[in-house]
Amino acid sequence: MSIRARLLTLMLFATLIPAMVAGLQFFERRNSEIAAARRELAATAQGLAQGLHDTVRATAQLHYGLSRARDLQTEDKAACSNFLAEVLKRHPQYTGILTIKPDGQLFCDSLRTGRKLDLADRRYFQDALDAEKSLGVEPVFGRLTGRGVLQVAYAARRDNGEPLFVLLASLDLQKHMQLRAHSLLRGSAVIGLVDGKGTILTWYPDGPKRVGTSVAGSPLDHFARQSQVEPTVEDVEFGGVSRIWAVSALPEFAETGLRVLVGVSKADLLAAANRNLHQALATLAIVLLLVFTGAWVLVELVLRRQAGRIITAVERFSGGNFATRIGEPYPRGEIGHLMGAMDQAFGVMHAQQDTIHGLNTNLERRVAERTAQLEAANKELEAFSYSVSHDLRAPLRSIDGFSQALLEDYADKLDGEGKDYLKRVRAATQRMGKLIEDILNLSRVTRTEIHLETVDLSAMAQAIIAELQRSQPESHPEFVAAEGIVAEGDGGLLKVALENLLGNAWKFSGKRAQAKIEFGTTRHDGNPAYFVRDNGAGFDMTYASKLFGVFQRLHDMTEFKGTGIGLATVQRIIHRHGGRVWAEGKVEEGATFYFTLSQPG
Amino acid sequence: MDNKVILLVEDNPDDAELTLRALKKNNILNQVVLAHDGVEAIDYLFGTGTYAGRDTSALPSVVLLDLKLPKIDGLEVLKQIRAGELTRYLSVVILTSSKEEQDLINGYQLGANSYIRKPVDFNQFMEAVRQLGLYWLVLNESVPQGR
Chain A
1 MSIRARLLTL MLFATLIPAM VAGLQFFERR NSEIAAARRE LAATAQGLAQ
51 GLHDTVRATA QLHYGLSRAR DLQTEDKAAC SNFLAEVLKR HPQYTGILTI
101 KPDGQLFCDS LRTGRKLDLA DRRYFQDALD AEKSLGVEPV FGRLTGRGVL
151 QVAYAARRDN GEPLFVLLAS LDLQKHMQLR AHSLLRGSAV IGLVDGKGTI
201 LTWYPDGPKR VGTSVAGSPL DHFARQSQVE PTVEDVEFGG VSRIWAVSAL
251 PEFAETGLRV LVGVSKADLL AAANRNLHQA LATLAIVLLL VFTGAWVLVE
301 LVLRRQAGRI ITAVERFSGG NFATRIGEPY PRGEIGHLMG AMDQAFGVMH
351 AQQDTIHGLN TNLERRVAER TAQLEAANKE LEAFSYSVSH DLRAPLRSID
401 GFSQALLEDY ADKLDGEGKD YLKRVRAATQ RMGKLIEDIL NLSRVTRTEI
451 HLETVDLSAM AQAIIAELQR SQPESHPEFV AAEGIVAEGD GGLLKVALEN
501 LLGNAWKFSG KRAQAKIEFG TTRHDGNPAY FVRDNGAGFD MTYASKLFGV
551 FQRLHDMTEF KGTGIGLATV QRIIHRHGGR VWAEGKVEEG ATFYFTLSQP
601 G
Chain B
602 MDNKVILLVE DNPDDAELTL RALKKNNILN QVVLAHDGVE AIDYLFGTGT
652 YAGRDTSALP SVVLLDLKLP KIDGLEVLKQ IRAGELTRYL SVVILTSSKE
702 EQDLINGYQL GANSYIRKPV DFNQFMEAVR QLGLYWLVLN ESVPQGR
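Here the protein sequences come in this chain order: A and B.
Here this note's numbering is used: position 212 in the first sequence is 212, and no number is missing along the way.
One gets this note's numbering by counting positions in the second sequence from 1 and adding 601 to each.
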């Protein structure tokens, strides 16, 4: 997972919880907003109810004033009616004001209809006359007028308490509500007044349609009647629209049964709250988006880009461009530190590279010099060897030749001793010749370049034995060679080595009647080893360390011929192959010479 | 067999003496012309210098050539022998004490017919000479004279 993915996932989880909490908060807020709206609804209803109540009180005040009015203290119906008409003009909130005689007969009438009316059975009349209540309030829906009014009655009394007349003012509920409803009505809000029976007295809007109808029995009516435990009720279908209703009875005049109903469509009520919620959620989403985008960009700039710079520089450096640096600018903080440190490290490594380079060049130069020196030395050696092979031999040949000539041509002039001396001279020269030859061989062994190839040692051994047999037919040793022994090495040098070893075996077993020479392979320390074994004179193991020394011999010259160089040559050859050579022997029981060659690879 | 001449090119008087003795001992009685260095050898073969006026059509049957010679060395002599029209097909036997492989190679490269190493042991030397004589003078067919 990339750093970016990790960080963004981390961010996601880090922001998820606050986001969820915020989301929950938003929902909570919506709920409380809804509750507040409902409370507001209830308050509206209560406000309206209070307003109505205040109007009733104001009417009572009016009545009290009117009860003192002289104009009403008269039996002149016309006069007091006129008076009342005047009052009515000034109080257009009433549909009519009239007085009622204590017997219930309509007397003065602001409407000046002159009609006779018995209102004794009216509730408000009776309540007004009731000493305890003194004010009669009754909502009435006039079928004829098609309007709802609130009858407010007050008994004017003499000083002794005897009722003079009852004043009645009919509050035009429609007008009253209209005024107030107008400002409150919003959207689908509905304001209505119902009486105790459930008859709709006023209704806004749609007044004419509803007024006069009854809501009795409907759930709304149910709600309206409940004793205001619940300030609002939800979803009471009325008129086809889901509304939330609040109801309020008149304070002080609750028993009139008059109730204010305020209803707002659920959608409207919730609209604001929902809109707020949606706005808040949208804002949250945008904020999250911004945060993520910011995080993305930040990761990109701070981490990925910087990481990219580091990676590019490292790759270039490892690719061999040692002058690469990450370079300025270094961002603040740990990454910047890292970059700075890395550039320093690069600088150090670059310098080291240069140093190494310098050392290398120096080394190569020295090696070249040494090689040149070695080559020169080799050349000198070669010239020396050539010189030896030519110049030293010639005199030897002369010595030997003329000694022989003497022996032959002057045999008659020489006695036994003379002949013997000459024979010794000859022997010595031949010995010297052999020595020169061996030394030359040894030096050639050291000089020659090794050319590795696969060599069939078995076949080589057979060939050497065959040659020895041919040149020394007087010996007939038994020869046993394992088949198929192959090894990696320089064919020429290995031949010289085997010639020496087999030649030695031949020589030192020559005195045996049943001479036996063996060539085979074995294992030593897990590696293949080769051996030449004979059952000849053997040697004393005490002197084993001297075996391979130059000119070292463990035997008398009279016993066995030899210059003592053979084994030294063998050792040098084997060593040049990276191998080891050693011997085991027992006096008069034979000797075994082992050698290993280095393993390729 | 008697009219076959041997040209012996040898600077070492001892070696020359021994070679002559060896030839005699082996009954090789042909005339031996001795050249002490490369120049003498060339002079003889081409009829120049000390041998000016010699009949160059009369060539030796075999040249025994030592390599290490003063003035011009043996290989140079060989080169000139092979270059000369009359001497081109001469049988040249390099008779030298050098065991150097490079001399061997060079010798054959320049067209020597044979390469023999002088052994230190005189008996062996005698044997070598005997075989030499037998082969090159008796057995081997050289290019006929006058060609």
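These aren't lab readings, by the way, just hints derived from the structure by calculation.
C-beta: ideal position from N, C-alpha, C; glycine also.
Any given hint might turn out to be false.
[As the list claims (entries may be wrong)] Calculated pairs, DSS-like style, for lysine-lysine (alpha carbon to alpha carbon, straight line, at most 27 Å):
| # | chain 1 | residue 1 | chain 2 | residue 2 |
| --- | --- | --- | --- | --- |
| 1 | A | Lys-413 | A | Lys-434 |
| 2 | B | Lys-672 | A | Lys-434 |
| 3 | A | Lys-379 | B | Lys-626 |
| 4 | B | Lys-672 | A | Lys-379 |
[To be verified] A few chain A residues that don't get close to chain B, going by computed Cβ distances all over 10 Å:
| # | residue |
| --- | --- |
| 5 | Leu-111 |
| 6 | Asp-195 |
| 7 | Ser-242 |
| 8 | Gln-344 |
| 9 | Glu-364 |
| 10 | Leu-374 |
| 11 | Arg-397 |
[What the hints assert, rightly or not] Okay, the calculated beta carbon distance ranges per label pair:
| # | chain 1 | residue 1 | chain 2 | residue 2 | range |
| --- | --- | --- | --- | --- | --- |
| 12 | A | Thr-521 | B | Lys-625 | 50 to 56 Å |
| 13 | A | Leu-452 | B | Gln-732 | 20 to 26 Å |
| 14 | A | Asp-409 | B | Gln-732 | 20 to 26 Å |
These are the hints, each one checked on the structure:
Straight-line distance between C-alpha atoms of A/Lys-413 and A/Lys-434 comes to about 31 Å, which puts the hinted pair past the 27 Å bound. Under the criterion of a C-alpha separation no larger than 27 Å, the hint pairing B/Lys-672 with A/Lys-434 is inconsistent with the structure, at around 31 Å. For the hint linking A/Lys-379 to B/Lys-626, the alpha-carbon distance of about 42 Å lies beyond 27 Å, and the restraint is violated. Distance restraint check for B/Lys-672 and A/Lys-379: the Cα-Cα separation of roughly 23 Å lies within the 27 Å cut-off, and the hinted pair is therefore satisfied.
Chain B leaves A/Leu-111 outside its interface by the beta-carbon criterion, the shortest separation being 162 Å against a cut-off of 10 Å. Residue placement check: A/Asp-195 keeps its beta carbon more than 10 Å from all beta carbons of chain B (closest about 147 Å). The beta carbon of A/Ser-242 sits about 123 Å from the closest Cβ of chain B, which is more than 10 Å, so the claim that it is off the interface holds. The non-interface label for A/Gln-344 is consistent with chain B: the shortest C-beta to C-beta separation is roughly 61 Å, beyond 10 Å.
Even its closest Cβ contact with chain B, about 31 Å, leaves A/Glu-364 beyond 10 Å, as expected for a residue assigned away from the interface. Distance check for A/Leu-374 against chain B: the nearest CB is about 20 Å away, which clears 10 Å, and the non-interface claim stands. Distance to chain B contradicts A/Arg-397 as a non-interface residue, since its nearest Cβ pair spans about 5 Å, not more than 10 Å. Take A/Thr-521 and B/Lys-625: their Cβ atoms lie about 54 Å apart, and the range 50 to 56 Å holds.
For the pair A/Leu-452 and B/Gln-732, the beta carbons lie near 38 Å from each other, so the given range of 20 to 26 Å is not met. Separated by about 22 Å at the C-beta atoms, A/Asp-409 and B/Gln-732 satisfy the suggested range of 20 to 26 Å.
When each numbered hint is compared with the structure, violations occur for hints 1, 2, 3, 11, 13.
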